[in-house]
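Visitor: Modelling step: build the complete structure from the supplied sequences, incorporating the hints.
Here are the chains, one letter per residue:
Number of protein chains: 2
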Amino acid sequence: MTTGEIRLAIDAMGGDEGPSMAVPGLAVALTRCPNLAFEIFGDKAEIEKAIARHPELAARSNIHHTEVSIPMDAKPSQALRMGRRVSSMWQALESVKGGTASATVSAGNTGALMAMAKFCLRGMEGVDRPALAAIWPTIRGESVVLDVGANIGVDTKNLVTHALLGAAMSRAVFGIDTPKVGLLNIGVEEVKGLEEVRDAGQILKTGNFPGLRYEGFVEGDDIGKGIVDVVVTEGFSGNIALKTAEGTARQLAEYLRMSIGRTLRARIGYVLAKPAFARLRDKMDPRKINGAVFLGLNGLVIKSHGGTDEYGFASAVELAHDMVRNDLQARIALDVAALTETKELANAG
Amino acid sequence: MTTGEIRLAIDAMGGDEGPSMAVPGLAVALTRCPNLAFEIFGDKAEIEKAIARHPELAARSNIHHTEVSIPMDAKPSQALRMGRRVSSMWQALESVKGGTASATVSAGNTGALMAMAKFCLRGMEGVDRPALAAIWPTIRGESVVLDVGANIGVDTKNLVTHALLGAAMSRAVFGIDTPKVGLLNIGVEEVKGLEEVRDAGQILKTGNFPGLRYEGFVEGDDIGKGIVDVVVTEGFSGNIALKTAEGTARQLAEYLRMSIGRTLRARIGYVLAKPAFARLRDKMDPRKINGAVFLGLNGLVIKSHGGTDEYGFASAVELAHDMVRNDLQARIALDVAALTETKELANAG
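Heads up: the sequence lines are chains C and Y, in that order. Numbering-wise (UniProt numbering), the first sequence opens with residue 1 and increments by one. Numbering-wise (UniProt numbering), the second sequence opens with residue 1 and increments by one.
Keep in mind the hints are simulated off the structure, nothing from the lab. One should not assume that every hint holds.
Identical chains blur together in the list; that is why a pair holds if it fits in one copy or across any two.
What the hints assert, rightly or not - Here are the simulated lysine-lysine pairs, BS3-like style, with alpha carbons at most 27 Å apart: (1) Lys225 x Lys49; (2) Lys225 x Lys75; (3) Lys274 x Lys225; (4) Lys75 x Lys205; (5) Lys118 x Lys75; (6) Lys274 x Lys180; (7) Lys205 x Lys118; (8) Lys97 x Lys44; (9) Lys118 x Lys274.
Guide: Now the structure itself:
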């Protein structure tokens, strides 16, 4: 565990608000993790204006002016064309590549960040396809769910590798020694087309990987129960599961709002029960678990939600802090090296 | 629109409770739709015992004794081996095939029902892969989502065909003349592996199908908003989306319960707001929208949830009633025939 300074590279131009959101977010994170230091990339004038009110943050930050910001609606190919080398996003990634910073945090556009991160940092030795991992609130706490959109259609080896990546993240972020891992599957048995999920399950079962405990298949409704610490799936279904859960949460909040507003009695009841609802809202607050992580690259990259505020951005920064402090990258490298030696995977091709 | 008698074939042995749940469910459905009549398949003694308390139902039912019931945990291949010709499930399907009944309703095991239905009824002319469609509650009402688990990995033509099947169901069940149709996709653009989704979108856009209005791609969080009437996706992701939404709803109900129980004040507030919560629960009641539908077979098959009660089973029976009354099968046949004449699809192979 690193106890010294943790230096992060920040793309201050990402998100809907840019530096006016990101810089106060760094100030919040710094009060919680005083060992943080920052390399901030973006429009120098805007960053300096925002940082003027936070002298302690200013004292622990280097500001680097960049001319180009990647628009939130740019396609990955456009982003690479316009932003390679010159954008705040790229330079923040390069700061990690060069070893100045230990992780990049950006609230920028996901597709662009993914493309640039792959291009700039490249996949780790033994990882063919890096994955995007999300932290998912459950009845019991939080689980890691991956892949949530970086890869469509993965093979057996990808799924096993992603299980190891997710388990390493669970250890680093939640301190769980031997995380329980499940493969997302559907209940309808004997449907053709799931060979890679079944084969990955077989390898995880017989491979005896020291860093995880394989629990078998889980279904969509098991994620929220928190019966496993890590849920592994392919990127298309993972992204749809994540978005569907977010949509359902908003839908139920809307139902609740509509029900409460209908009678005076219900409104009085609501006022009395308000602290309870506040706790409920608090539990569902997406800002508290803001941040998806690109795993399996030569460098840590954390994606903050683009529409978040300073507290959400601070959560993403703290997530980066925790992962660096717990040597996530080194742990992943060890796990992946051990994996490539297992004969089960060699047979899977 | 058929105004006369609607005769349904009922597998009374499906579900966790068998005839003691299914028969009272039929009685409930009959009070709401008096033009219903039933061919009931299963253990004659059990059915007669359950039906004795419902003379009006008995008067409109023929009971057929079967020796074999398909267990809820049987694999599809086992179910076919043990239940072909002789089981209540098979005979209910055969009653539709022979023209005695217009639709089958079963609360039995999904995989077994799917396998038997395909084997007994076969796919309609022009439909390579029948789909399982679910009714999904939204902020605006209800949407049809398909496929939710019958097929893994579909091609362009399957997706377009499923869009037509879903649109026909939306018209028959909800009376929407030109349903809005969306293809489920993920927000991360330019990720490889989604060619069939993009190609299906192109065909739906340029094909000018009279029975639907194509609205483009939707994401997981759009389903609950009800921005389209029909959401089309491949079976693996569709099943995961459905189960994830169910799981999230249960998770939030549990959060609410935990929040409410913590203080006296919150409990008093809860009592006052109780009618509001009752409305909320009512809106979320899975029994009211019970029933997934196999579309694209030579006969209608409705799957009721196995763990439901008589009111849930009645909802599934009423769904069957509505679909028969609105000539769903004939509409689908017309749409699919029109589809096979479009040149866009011919090119897609």
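Visitor: Hint by hint, say whether it matches the structure.
Guide: Going down the list of hints, with the structure as the test:
In this homomeric assembly, Lys225 and Lys49 never come within 27 Å of each other (Cα to Cα): the closest approach is 45 Å inside a single copy and 39 Å across copies. For the homomeric pair Lys225 and Lys75, the shortest alpha-carbon distance between copies (26 Å) is at most 27 Å, but the shortest distance inside one copy (36 Å) is not. Proximity of Lys274 to Lys225 under the C-alpha cut-off of 27 Å is found in both arrangements, the shortest distances being 26 Å within a copy and 26 Å between copies. Proximity of Lys75 to Lys205 under the C-alpha cut-off of 27 Å is restricted to the inter-copy arrangement: shortest distance 22 Å between copies versus 40 Å within a copy.
Taking the closest pair of Cα atoms, Lys118 and Lys75 come within 27 Å of each other only inside a single copy of the chain (15 Å); across copies the shortest separation is 43 Å, beyond that limit. Proximity of Lys274 and Lys180 under a CA criterion of 27 Å is satisfied in neither setting, with 36 Å inside one chain copy and 39 Å between copies. Taking the shortest Cα distances, Lys205 and Lys118 never come within 27 Å of each other, neither inside one copy (30 Å) nor across copies (34 Å). In this homomeric assembly, Lys97 and Lys44 come within 27 Å of each other (Cα to Cα) only inside a single copy, at 22 Å, whereas the closest approach across copies is 74 Å.
For a Cα distance limit of 27 Å, the shortest separation of Lys118 from Lys274 qualifies neither inside one copy, at 46 Å, nor across copies, at 52 Å.
Violation of the numbered hints given earlier is confined to hints 1, 6, 7 and 9; the remaining hints are satisfied by the structure.
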